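Participant: Make the full structure from the sequences, and use the hints.
2 protein chains.
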Amino acid sequence: MINLPQTDKKRVVIVGGGFAGLKLTRELERSDFQVTLIDKNNYHQFLPLIYQVASAGLEPSAIAFSFRRLVRKNRDCFFRMAELRHIYPERNMIQTSIGKVGYDYLVLAAGTVTNFYGNSDVEETAIPMKNVSDAMGLRNALLSNFERAMTCSTAEERRELLNIVIVGGGATGVEIAGALAEMKRFVLPHDYPEMFCDELQIFLIEGQDRVLAGMDKRSSVEAERSLKRMGVKVILGQQVKDYRDHAVTLADGSSIPTQSFIWVCGVKAAPTDLPSNLLGRGGRIQVDAFNRVQGSDNIFCIGDQCLMTADPAYPGGHPQLAQVAIQQARLLAANLKRMAKGEEMRPFGYKNHGVMATIGRNRAVAEVGRFKWHGWGAWVTWLTVHLMFILGVRNKALVFFNWLWNYITYDSSIRLILYAHKAKVVIEREEREAKEHLGK
Amino acid sequence: MINLPQTDKKRVVIVGGGFAGLKLTRELERSDFQVTLIDKNNYHQFLPLIYQVASAGLEPSAIAFSFRRLVRKNRDCFFRMAELRHIYPERNMIQTSIGKVGYDYLVLAAGTVTNFYGNSDVEETAIPMKNVSDAMGLRNALLSNFERAMTCSTAEERRELLNIVIVGGGATGVEIAGALAEMKRFVLPHDYPEMFCDELQIFLIEGQDRVLAGMDKRSSVEAERSLKRMGVKVILGQQVKDYRDHAVTLADGSSIPTQSFIWVCGVKAAPTDLPSNLLGRGGRIQVDAFNRVQGSDNIFCIGDQCLMTADPAYPGGHPQLAQVAIQQARLLAANLKRMAKGEEMRPFGYKNHGVMATIGRNRAVAEVGRFKWHGWGAWVTWLTVHLMFILGVRNKALVFFNWLWNYITYDSSIRLILYAHKAKVVIEREEREAKEHLGK
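For the protein sequence lines, the chains are C and Y, in the order given. Per this note's numbering: the first sequence = residues 1 to 440. Per this note's numbering: the second sequence = residues 1 to 440.
Treat the hints as calculated values from the structure; they're not laboratory data. Keep in mind that the hints are not guaranteed to be accurate.
[As the list claims (entries may be wrong)] Taking lysine-lysine and the DSSO-like style, the derived pairs with C-alpha atoms no more than 27 Å apart in a straight line are: (1) K372(C) <-> K341(Y); (2) K424(Y) <-> K268(C); (3) K130(C) <-> K372(Y); (4) K40(Y) <-> K233(Y); (5) K422(Y) <-> K435(C); (6) K372(Y) <-> K424(C); (7) K241(Y) <-> K228(C); (8) K40(C) <-> K422(Y); (9) K424(C) <-> K233(Y); (10) K422(C) <-> K372(Y); (11) K337(Y) <-> K130(Y); (12) K424(C) <-> K268(Y); (13) K422(C) <-> K130(Y); (14) K233(C) <-> K424(Y); (15) K424(Y) <-> K424(C); (16) K241(C) <-> K422(Y); (17) K424(C) <-> K130(Y); (18) K422(C) <-> K40(Y); (19) K341(C) <-> K130(C); (20) K40(C) <-> K424(Y); (21) K424(Y) <-> K422(C); (22) K435(C) <-> K228(C); (23) K422(C) <-> K241(Y).
[Claimed, not checked] One-sided excerpt, in silico: chain C residues whose CB lies under 7 Å from chain Y: (24) M81; (25) I390; (26) R415; (27) H421.
Model, not experiment: these values are computed from the prediction. Don't be surprised by glycine CBs; every beta carbon is placed ideally from N, CA and C.
Facilitator: In structure tokens:
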């Protein structure tokens, strides 16, 4: 039972509290709508920095923000921790893991999930890095592999444990490769004096012929050069065929033994039960210039989950970036308010404010309009922009403190292998919900 | 395979890196011993503050400290993440989860585990709070229960979800009750405006006739009065008989419905395979005045895991406190060095530097020698002492920042329900180790 108060206001139900869903929620504060935000977690995640959670530079709490804290100033705004199960467009209602809820406007903003391209071996064994929980899992797995390497009995197993294979040369892959290369250089020689540091090898595998394929060619060249200088083995133009018996097989038949197999090479839109004819490339939900889902006038989709081909500058759809999500959310909020006043909605046009990626200490690549730069200046820009965009004074202060500390001491000291104990009431509740879901 | 380098130095193997084991390790730095510290976690935990992790005031990383970082300055000191499985005194060897290792001196410092007094219903369902992982689990469970309470369909379930029952009125029970009472007062009304705050009830159940039974009677009275003023229902002189169907049954037949059932009412020494005739009260390993295990001249036990009745001031054994552990470790380090020089060992005598407990914002009770005080002064003493004893400048700074923030804003903002994803390589490794253990 979703338990929302009755009101005369029209109800907007937003599914997903990422950049898009959260922005929309905040833009609709103190408006003539009752807003319900649904997310399967109780916190917003600042995804551009999860790679630093994985590499033990930041704690989850520094880049996560409680939804309840975010909505608590607004009387007509509600948060519910739940997962979307079904959409009933004809009844203006959705089914969630905690019950049904009706809507006047439904906004899908559930983002993306990791794409394993149908390879079940990879899906079962690869370590994803799509959210804070994954990032914590990756950190635990890497540290646990290092510990194991100190005590394992065969050279073969030791090699598997000390090879890290990152598949995907986009921003996430480049950033995690850079962070791990720094950990190898500055932290591990002290922590593991018995490990010969050359034994730890970091591989970055990319199917296209350059890393950061979404950026300018010069940025790709610069990023590749930086990574190689830091000791990362960059393998371009190679697809991963399979992962089995602790080894990655590449398309050319070669293989790399590893127990640290990180998969960041693609995403697909979070699945819904909307008919497949409404979906486009990467499972994205096709929307018109007003982010309306085809054939509906009160279901919208914004952010990475949608595919809009109506923007003349981006006929193939927009890149899946936070900026697009935020701009779409802002426009949709304005459009909903316009509609309520009987005004015309305005179509979306994306303004690219620039893209960036960081490659470890003091190095980054940045592109803003015609300007492209790299090195220390780009790195400072990167730091500043990310610090600005993290929500909340406390989180900004924590991230800044941690960055300063790590920069000065060359030591990211959060190297704990830690899993939360799961209480039996929670396990039982999860099992019950899963069963109810299957029963339907 | 434990993989330690050969050396002429005598080898000290220390099992457990709590206050006792860690202190001993550090005291033996740069000595004529080769030291190997074994712990099942890769971090030291500052247990006096785990209740603040549970109540979302601190992150685990603020009160946990990587063992590798602690031992890295010492060339003859090694850390291995492993669990003790068997002791073979006649062969001067132990079996661990990662292999065998021989010792010249073995020091058991594995502390205590939660005591469920043989009640399997309680053991299965109660939420323990004995380490950082438990504390994270408790935080997740409480927050998840609050979320559920917002959407559950029956008044009965809602009551179960909003009753918190803490069993055990020692320092941990009193401190977590105080912290949750403050959360109820300052945080929850904002986070859950739809929850009537009176609905959330906190019960503290203690079998003896007063809380803080280890402290002076006046401290007990003061603590009880403070807790009651904060809205905690304190139930004294009542044993918990059982927990079933989401309800706690007390000895007098009454019952309290709850899904947040926190068990902090007793500990027993961490079990080993030493013969049971060597054990005393609470499963503690009996030792002589030099912390030597009976019948052995090179196996020692220090800290909460041991029971020493040879100290004339404490004929019934020492209280299980950090101070005792630290003092025993310090003496044992000195005694091992004395032995190496052919000198006589010195017997242990505990010097009580005082005990304290905090009961939320601005309130604590403290006893040092004949002096007993409470209120704001005791609270400041408590803060200062704990800050001094936390390891590492970074952790001190983080804890201080968080305390200051929470104090000023009345808002501990780490209210995330977060479980780390567990990678398949890690799951497989754990299963393999568990199987090997059973097979032996």
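Participant: Next, verify each hint and record whether it holds.
Facilitator: We went through each hint and held it up to the structure:
1. With a C-alpha separation of about 68 Å, the suggested pair K372(C) and K341(Y) falls outside the 27 Å cut-off, and the hint is violated.
2. About 22 Å separates the Cα atoms of K424(Y) and K268(C), which keeps this hinted pair within 27 Å; it holds.
3. Taken as a hint, the K130(C) and K372(Y) pair is broken in the structure, with Cα atoms around 53 Å apart against an allowance of 27 Å.
4. Straight-line distance between C-alpha atoms of K40(Y) and K233(Y) comes to about 37 Å, which puts the hinted pair past the 27 Å bound.
5. Annotation: proposed proximity of K422(Y) to K435(C) holds, straight-line Cα distance about 22 Å (limit 27 Å).
6. Note on K372(Y) and K424(C): the hinted pairing is violated, with a Cα-Cα distance of about 41 Å set against a maximum of 27 Å.
7. The suggested pairing of K241(Y) with K228(C) is violated, with an alpha-carbon distance near 64 Å, which exceeds 27 Å.
8. The suggested pairing of K40(C) with K422(Y) holds, with an alpha-carbon distance near 18 Å, which does not exceed 27 Å.
9. Between the alpha carbons of K424(C) and K233(Y) the distance comes to roughly 25 Å, so the proposed pair stays at or under 27 Å and holds.
10. Among the hinted pairs, K422(C) with K372(Y) is inconsistent with the structure: their alpha-carbon atoms are about 39 Å apart, more than 27 Å.
11. Proposed proximity of K337(Y) and K130(Y) is contradicted: the alpha carbons are some 33 Å apart, above 27 Å.
12. With a C-alpha separation of about 22 Å, the suggested pairing of K424(C) with K268(Y) holds against the 27 Å cut-off.
13. Restraint check: the Cα-Cα separation between K422(C) and K130(Y) comes to about 14 Å, which is no more than 27 Å; the hinted pair holds.
14. Restraint check for K233(C) and K424(Y): the C-alpha separation of about 25 Å stays at or below 27 Å, so the hint holds.
15. Using a Cα cut-off of 27 Å, the hinted pair K424(Y) and K424(C) holds, with the two alpha carbons roughly 22 Å apart.
16. Of the pairs offered as hints, the one joining K241(C) and K422(Y) holds, with about 24 Å between alpha carbons and a cut-off of 27 Å not exceeded.
17. Restraint check: the Cα-Cα separation between K424(C) and K130(Y) comes to about 16 Å, which is no more than 27 Å; the hinted pair holds.
18. With a C-alpha separation of about 18 Å, the suggested pair K422(C) and K40(Y) falls inside the 27 Å cut-off, and the hint holds.
19. A distance of roughly 39 Å separates the Cα atoms of K341(C) and K130(C); the hinted pair therefore is violated under the 27 Å criterion.
20. The straight-line distance between the Cα atoms of K40(C) and K424(Y) is roughly 23 Å, inside the 27 Å bound, and the hint therefore holds.
21. Straight-line distance between C-alpha atoms of K424(Y) and K422(C) comes to about 18 Å, which keeps the hinted pair within the 27 Å bound.
22. The straight-line distance between the Cα atoms of K435(C) and K228(C) is roughly 49 Å, outside the 27 Å bound, and the hint therefore fails.
23. Between K422(C) and K241(Y) the alpha-carbon distance is near 24 Å, which keeps this suggested pair within the 27 Å criterion.
24. Below 7 Å, beta-carbon pairs count as interface contacts, and M81(C) has one with chain Y at about 5 Å; its hint therefore holds.
25. With its C-beta approaching chain Y no nearer than about 13 Å, I390(C) sits outside the 7 Å limit, and its interface hint is violated.
26. Below 7 Å, beta-carbon pairs count as interface contacts, and R415(C) has one with chain Y at about 5 Å; its hint therefore holds.
27. Against a cut-off of 7 Å between C-beta atoms, the interface hint on H421(C) holds, since the closest Cβ of chain Y lies about 3 Å away.
Against the hints set out earlier in the document, violations occur for numbers 1, 3, 4, 6, 7, 10, 11, 19, 22 and 25.
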